[in-house]
Amino acid sequence: MNYRLNNLPERTVKPRGKGLTMVMDKGLSLREVEDFIEVAGAHADIVKLGWSTSFVTPKLKEKLKLYRDADIPVYFGGTLFEAFVIRNQFDEYQRVLDEYDMRFAEVSDGSIEIPHEVKCQYISKLSEQVTVISEVGSKDEKKIFAPYKWINLMRAEIEAGSWKVIAEAREGGNVGIYRDSGEVRQGLVDEILTQIPEETIIWEAPQKAQQVWFIELIGANVNLGNIAPAEVIPLETIRLGLRGDTFNHFLNKK
Amino acid sequence: MNYRLNNLPERTVKPRGKGLTMVMDKGLSLREVEDFIEVAGAHADIVKLGWSTSFVTPKLKEKLKLYRDADIPVYFGGTLFEAFVIRNQFDEYQRVLDEYDMRFAEVSDGSIEIPHEVKCQYISKLSEQVTVISEVGSKDEKKIFAPYKWINLMRAEIEAGSWKVIAEAREGGNVGIYRDSGEVRQGLVDEILTQIPEETIIWEAPQKAQQVWFIELIGANVNLGNIAPAEVIPLETIRLGLRGDTFNHFLNKK
Amino acid sequence: MNYRLNNLPERTVKPRGKGLTMVMDKGLSLREVEDFIEVAGAHADIVKLGWSTSFVTPKLKEKLKLYRDADIPVYFGGTLFEAFVIRNQFDEYQRVLDEYDMRFAEVSDGSIEIPHEVKCQYISKLSEQVTVISEVGSKDEKKIFAPYKWINLMRAEIEAGSWKVIAEAREGGNVGIYRDSGEVRQGLVDEILTQIPEETIIWEAPQKAQQVWFIELIGANVNLGNIAPAEVIPLETIRLGLRGDTFNHFLNKK
Chain A
0 MNYRLNNLPE
10 RTVKPRGKGL
20 TMVMDKGLSL
30 REVEDFIEVA
40 GAHADIVKLG
50 WSTSFVTPKL
60 KEKLKLYRDA
70 DIPVYFGGTL
80 FEAFVIRNQF
90 DEYQRVLDEY
100 DMRFAEVSDG
110 SIEIPHEVKC
120 QYISKLSEQV
130 TVISEVGSKD
140 EKKIFAPYKW
150 INLMRAEIEA
160 GSWKVIAEAR
170 EGGNVGIYRD
180 SGEVRQGLVD
190 EILTQIPEET
200 IIWEAPQKAQ
210 QVWFIELIGA
220 NVNLGNIAPA
230 EVIPLETIRL
240 GLRGDTFNHF
250 LNKK
Chain B
0 MNYRLNNLPE
10 RTVKPRGKGL
20 TMVMDKGLSL
30 REVEDFIEVA
40 GAHADIVKLG
50 WSTSFVTPKL
60 KEKLKLYRDA
70 DIPVYFGGTL
80 FEAFVIRNQF
90 DEYQRVLDEY
100 DMRFAEVSDG
110 SIEIPHEVKC
120 QYISKLSEQV
130 TVISEVGSKD
140 EKKIFAPYKW
150 INLMRAEIEA
160 GSWKVIAEAR
170 EGGNVGIYRD
180 SGEVRQGLVD
190 EILTQIPEET
200 IIWEAPQKAQ
210 QVWFIELIGA
220 NVNLGNIAPA
230 EVIPLETIRL
240 GLRGDTFNHF
250 LNKK
Chain C
0 MNYRLNNLPE
10 RTVKPRGKGL
20 TMVMDKGLSL
30 REVEDFIEVA
40 GAHADIVKLG
50 WSTSFVTPKL
60 KEKLKLYRDA
70 DIPVYFGGTL
80 FEAFVIRNQF
90 DEYQRVLDEY
100 DMRFAEVSDG
110 SIEIPHEVKC
120 QYISKLSEQV
130 TVISEVGSKD
140 EKKIFAPYKW
150 INLMRAEIEA
160 GSWKVIAEAR
170 EGGNVGIYRD
180 SGEVRQGLVD
190 EILTQIPEET
200 IIWEAPQKAQ
210 QVWFIELIGA
220 NVNLGNIAPA
230 EVIPLETIRL
240 GLRGDTFNHF
250 LNKK
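One line per chain: the protein sequences are A, B and C, in this order.
In terms of numbering that gives the first Met the number 0, the first sequence has 243 at position 244, counting the first letter as 1, and numbering is strictly consecutive.
In terms of numbering that gives the first Met the number 0, the second sequence has 40 at position 41, counting the first letter as 1, and numbering is strictly consecutive.
In terms of numbering that gives the first Met the number 0, the third sequence has 160 at position 161, counting the first letter as 1, and numbering is strictly consecutive.
Where hints are given, some of them may not hold.
Which copy is meant is left open, because identical chains are indistinguishable; a pair holds if it fits in one copy or across any two.
Claimed, not checked - When the alpha-carbon atoms are kept at most 20 Å apart in a straight line, the in silico SDA-like pairs for lysine to any residue are as follows:
1. Lys60 to Ala41
2. Lys60 to Val211
3. Lys60 to Tyr2
4. Lys64 to Phe103
5. Lys60 to Met23
6. Lys60 to Ile217
7. Lys58 to Asn1
8. Lys64 to Asn1
9. Lys58 to Arg3
10. Lys58 to His115
11. Lys252 to Glu112
12. Lys252 to Val84
Since the hints were made in silico from the structure, they are not lab data.
With the hints as constraints, model all of the structure from the sequences given.
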C-alpha cells in the first residue's frame, strides 16, 4: 500500500482461500487485459470470460496467456458449458477445455433444465479434469427457490466436487439472491450461511450496493463475483472501509 | 470462431446487407480505437462519432483513418448536421465532409424543426456526395408520432435517397420507439415492419433489454444501432443465442 | 476545434478561473491516463483520485507524474483526509501530501462528524501547505441542510482558506444537492447562488441530466465535478450546445 493507515480490517493476500474477488471480463482487448493486470492484478483472484464471450473473442489464446502469466486463473462462463450440453456436445466441451489448457471450469444450469443429479454428475466428471466452480440459482425471474433448497443444492454440488459454489445473479443483478429491485434476499442469505461455510460461496455482486451489503454482513474477506474490471480498485477500498459506504461500519466495530 | 457449436442461428458476415451493428463512439482515444478494432472489428459494421463529438475530438483525422484502414465506415452524428443547418452553414457542412473525406453522413431532425420536404431535399442533395443515413423520430419526449406517420416519413426519406433509416432513441434509450420506461412500443414496430423492409431500418438499441427484444422479434440479423463499443461482443453472443437472454429463444425455434 | 460553427456560447480556456471540469479517476491504468490526456486534456482542469483509491493504486507516483506533465492538477479525494483524521493521523496525512508532492488537497466531512470550526482549522492549516478544495454536504441521506446552513458553511470554509467549495453528491448522485431521484434541489441552488460567487463553487454532477441542469441554469462555464473520464468530451459538447440536451437552450438565448 502507498502509505500507512491504522486500524484497517485485516485483508487476506493472494493466493487467497477467502476474500476472493472474481472478475467478469466480457470482451477486453489484449492491451486492456494488460492494463487491468497492472491496476488490479494484486486484488483480482480469478477471472471469468463472461458466459460464451470466448466463442467470439479474437486472440483468445493470447488473452488466456496474459492472465496466466500474471497468475490469475481464468475460466469460461457457465453459459458456455450449458451451450455445449444442450447440443449434446459435452465431450467436445471437454476437448475445448483441453485445447485451451483450461484449469478451471464452471458448471451451471441457469438457462437449461437438467435434473440436479445430472448436474452433479457433470461436476464430478469435470472435476477429474479441472477445478470446478458451480453455480446455483436460475436466470429465470420466475424460479424462486426456498432457502432449504438452495442449501441442499449447494451441499450436493460441493460433495460432487465443486471447489466453490456461486450464488447466481445476472450481470444486472436482478435474479437469484436478489429481488427485482436489486435488493438482497437477506433471510435467504442468513439461512444459507447457517449451513454452508462462507468461504465456499462466491456471491455474485455486480452492483456497489450489493458489494457493500455482503461486506457489512460477512466482512472484508467475503468472496464476491461478477465484478467489472474497472470496479476492482473501488471494491478493494470498500473492503477496507476506505470508501464512504463502509467507512463507519469498520470503525464502529473496533 | 474459437470452437464449434452446432445449431447456431445463421449470421451474415461483413460486408453485411443486414444484421448490421452500428456502434457509437463518443470519445475513444486512438489506442482505444485500435483496441476496439482488435476485439470487435469483425462484428462492427459502421461507427458513428456520436452527435457533435467530432467538433472537440483531438486527432480527428488520425481517428478516421484508423477506422477506414480497418474497413469500418465512419460518420458524424446527425446532431452535427443539424448544428450546421440551424446556423445556415449547410454549405460549410458539405465542405467539412469533403475535408475529412467522409463517405457517409447522417441527416436528422431530432433537435431542429424543419418541414419534412426540406429534410428530404437535404437527403437528396447529400446523397450526391455521400451515402446518407437518415434518422426518423424526435429527441423530444413530447413528440409521439402515430405509426402511419413513421411509415410515411421513412418511405419518403428512402425515396429521397437514404441508404438506411434509423429509428431514433436517445443514448439513454427513452424516446422515439421507446416509452419512458425504456420499453419498446411494440405496436409501432410491428406496424412499421408491415410497410418498410426490415433490412432498411436500423433500430437504435443502446440497452441490452432492447437488443434482446429486437433480436427475438426480427432475428439474429436485425440491424441495431447506438451500441457502445464494449457491448459489441456481448451483442454478438445475444445474436447467436449464446447469452442467457436469448439462449432458449433460438433453441426453441429449431 | 476541427471546423467552424457560428454562434457557440463562449467557452473559457485553460487555465480557467471558471468553467472548470473536475474529473474523477477511480483507478485508471497508466496507459488509460495517457489516453485520457490525449482525448480530454484540453478540457479537464483538475483530476481527483476518487476517495481513498490512491491507497491501493499501483504505480501511484508514475500516475501523478503523467497528470502533472500534462499540466492537470491532481489531488486525493476527501475521504482519504477523513480516513487519516478519524485515526488521529492528520500529521501523517500532511507528510503523505509532501511525499507525493501534492499541490492540492480536499477537506471534507462526508463520513466523519467534526465541529465545523475544527473543519475550518484543518482548511486553514492545510492551505499553508497546498491549495485546498473543501466539500460541503454529507454522504448521509438523512442529513438535509437548510439553504442558509449551506451558505454559512461555504462562506466559513472560503474564509478559512478554501480555493473552491464543492457541493457534495455521491458518485451515484443521490445525496447533498440532489434528491433520492437524482433531481437537483433547485430552491437550494438558487439560494446558494444569491450569496456565494458561482465561480467559487464546483457542483458535483456525475449524471448527464445534472450536468444539463446546471449548464442551463448557470451557463456553459459552470464548474462541474465528479465527471467520469469518458464523459469529458460529451460534457464539452453539452457546454457548447452541441448535444441534443442543450441544443436549443443556447440558440434560444441569442
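How the hints compare with the structure:
{"no.": "1", "hint": "Lys60 to Ala41", "in the structure": "between (22 Å within a copy, 18 Å between copies)"}
{"no.": "2", "hint": "Lys60 to Val211", "in the structure": "neither (35 Å within a copy, 29 Å between copies)"}
{"no.": "3", "hint": "Lys60 to Tyr2", "in the structure": "between (38 Å within a copy, 12 Å between copies)"}
{"no.": "4", "hint": "Lys64 to Phe103", "in the structure": "within (14 Å within a copy, 39 Å between copies)"}
{"no.": "5", "hint": "Lys60 to Met23", "in the structure": "within (17 Å within a copy, 28 Å between copies)"}
{"no.": "6", "hint": "Lys60 to Ile217", "in the structure": "neither (37 Å within a copy, 34 Å between copies)"}
{"no.": "7", "hint": "Lys58 to Asn1", "in the structure": "between (35 Å within a copy, 9 Å between copies)"}
{"no.": "8", "hint": "Lys64 to Asn1", "in the structure": "between (29 Å within a copy, 15 Å between copies)"}
{"no.": "9", "hint": "Lys58 to Arg3", "in the structure": "between (41 Å within a copy, 16 Å between copies)"}
{"no.": "10", "hint": "Lys58 to His115", "in the structure": "neither (35 Å within a copy, 48 Å between copies)"}
{"no.": "11", "hint": "Lys252 to Glu112", "in the structure": "between (44 Å within a copy, 17 Å between copies)"}
{"no.": "12", "hint": "Lys252 to Val84", "in the structure": "between (48 Å within a copy, 18 Å between copies)"}
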